[in-house]
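Fit chain C to the given chain X structure using the hints.
Line by line, the protein sequences give chains X and C. If you use my numbering, the first sequence corresponds to residues 42 to 435, in order. If you use my numbering, the second sequence corresponds to residues 890 to 999, in order.
Far from chain C by the CB rule (all over 12 Å, computed), these chain X residues:
1) D234
2) L267
3) E411
4) T415
Straight line, CA to CA, 25 Å or less: simulated SDA-like cross-link-like pairs of lysine to any residue:
5) X:K232 x X:G204
6) X:K378 x C:P992
7) C:K950 x X:P167
FYI, nobody ran anything at the bench for these hints, they're computed from the structure. Yeah, the Cβ is synthetic: ideal placement off N, Cα and C, and Gly gets one too.
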Amino acid sequence: MKRRDLLGALAAAPLLPGCALPAAPDARGSGDLGVVVERSRGALALVDTSRRELLAEIGGLGDLSHASVVFSRDGGTAYVFGRDGALSKVNLLTRRVEKRLVQAGNSIGGAISQDGSLVAAQNYTPGGIKVFDARSLALVADIPAEHAPGKTSRVVGLADLPGQRFVFSLFDADAIWIADLSDRSRPGLVKLDGIGRQPYDALVTPDGRHYVAGLFGEDGLALVDLWDDVPSARRILAGYGRGEQALPVYKMPHLRGWAVAGRHAYLPAIGRHEVLVVDTASWQEVGRIAVAGQPVFVMAQPDGRQVWVNFAVPDYDHVQVIDTRSRRIVRTLSPGKAVLHMEFTPRGEAVWISSRDANRVSVIDTQRFETLATLDIFEPSGVFFTSRAARMGF
Amino acid sequence: MRRLGFLVALLASAPALAQGVAEGRSAELVRIVRQDCGSCHGMRLTGGLGPPLTREALAGKPVDALVATIVHGRPGTPMPAWRGLLSDAEATWIAEQLAGGFPEQRSARR
Numbered sequence: 042m043k044r045r046d047l048l049g050a051l052a053a054a055p056l057l058p059g060c061a062l063p064a065a066p067d068a069r070g071s072g073d074l075g076v077v078v079e080r081s082r083g084a085l086a087l088v089d090t091s092r093r094e095l096l097a098e099i100g101g102l103g104d105l106s107h108a109s110v111v112f113s114r115d116g117g118t119a120y121v122f123g124r125d126g127a128l129s130k131v132n133l134l135t136r137r138v139e140k141r142l143v144q145a146g147n148s149i150g151g152a153i154s155q156d157g158s159l160v161a162a163q164n165y166t167p168g169g170i171k172v173f174d175a176r177s178l179a180l181v182a183d184i185p186a187e188h189a190p191g192k193t194s195r196v197v198g199l200a201d202l203p204g205q206r207f208v209f210s211l212f213d214a215d216a217i218w219i220a221d222l223s224d225r226s227r228p229g230l231v232k233l234d235g236i237g238r239q240p241y242d243a244l245v246t247p248d249g250r251h252y253v254a255g256l257f258g259e260d261g262l263a264l265v266d267l268w269d270d271v272p273s274a275r276r277i278l279a280g281y282g283r284g285e286q287a288l289p290v291y292k293m294p295h296l297r298g299w300a301v302a303g304r305h306a307y308l309p310a311i312g313r314h315e316v317l318v319v320d321t322a323s324w325q326e327v328g329r330i331a332v333a334g335q336p337v338f339v340m341a342q343p344d345g346r347q348v349w350v351n352f353a354v355p356d357y358d359h360v361q362v363i364d365t366r367s368r369r370i371v372r373t374l375s376p377g378k379a380v381l382h383m384e385f386t387p388r389g390e391a392v393w394i395s396s397r398d399a400n401r402v403s404v405i406d407t408q409r410f411e412t413l414a415t416l417d418i419f420e421p422s423g424v425f426f427t428s429r430a431a432r433m434g435f
Numbered sequence: 890m891r892r893l894g895f896l897v898a899l900l901a902s903a904p905a906l907a908q909g910v911a912e913g914r915s916a917e918l919v920r921i922v923r924q925d926c927g928s929c930h931g932m933r934l935t936g937g938l939g940p941p942l943t944r945e946a947l948a949g950k951p952v953d954a955l956v957a958t959i960v961h962g963r964p965g966t967p968m969p970a971w972r973g974l975l976s977d978a979e980a981t982w983i984a985e986q987l988a989g990g991f992p993e994q995r996s997a998r999r
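One chain only, chain X, in its complex shape (with noise of 0.2 Å):
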């Protein structure tokens, strides 16, 4: 009796000071967990979108310009991909940089690998992929994007693909490629050539079936079926400017997975201030919406009922949400200047915005578009959530 009470007595006991790792916080889970860019210091802030508050700040990352990162399958870590070539493994629960590999000299992003064992770097200098064991970042594969005998071409829109594979597009050479990693000692490679003039970056659908690459070289869109035997690539929405005079384009669209509401995808225009809706039965063109910008990012809602637009530099103070019943803008919000970045919380009843210039993260719910938090971060760009680790495309 005495013994067992002794035993609930410690077990009720809290932890003493002494005997808890320094850093370590207490256990919690890590689905509520994200991180902000703050890429002029390196760093990124750790955030809890339940509450809606900063953590804490992990520093050390290197140049963070056009940083992205993806997700261990527990969401309790981080790859954090730098412009400087830099791979970074980041453990959120203890907030410390377990890993960190210079793996070229110009990166743009990378992909986690569908069962999450592996993780590629998409680069620029030298264009190619690399792929790295995601437990220990040892190289598994190096793919030179060699298009011609000595050139290699910078390599954009990288996702996984199921079965272990890893699709990119290849901006120097109009390709698509697809590696195959499932024998990690031979990896595949499927080459698609004259995809359309320079792919600028591209989407898999959260089916994983299609693989969309816009085009800044011309009008249109590049599709890829992959679930065909013999996987080829088709235009689509050719011609979409009707010849018209482009207008700049400040800054390049991206698109990734985010696009698809429902059974239409919503497609930023190139040099035109237009979001264009495509069916994803079809693959044609069923409608175009005006919005007040180049759009950047086009982000369907996770339920698909919204779609939220930014833009580039000079109408990048401005937010645009689309309804996709109606296909008319709903709401222009100015969350603060220079809106880099979106990213839903999982079920979407919230969306967190950076505003760069503002120093400033505004957590806006989605239906009353009231502004439910701010977080002071400095000159944030990039916001990812650990949700994005249970979804192809991310």
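Positioned in the frame of chain X, the structure of chain C alone reads:
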């Protein structure tokens, strides 16, 4: 030293003198180059989709050519014409600063 270089640059490009670049605006231009040009060229100007714009990378390139690229863009590449957002004087100032090693953004050190 930088101020002297700035004056020399202004004297060397007479058309730019007509409008000039005020002190407050120059800080803004530094921010625009680091942050907005940085989208493609990198915040540290070490390149990305756009080529590097470090002093070393631009060595031997005439400033006039840099100004022309900024003002008119590079057709066939993603480099847009910035004349809608920047005056000729501002483009000249930016080109001069790039050629000499671009200043850091002051706010970057909090």
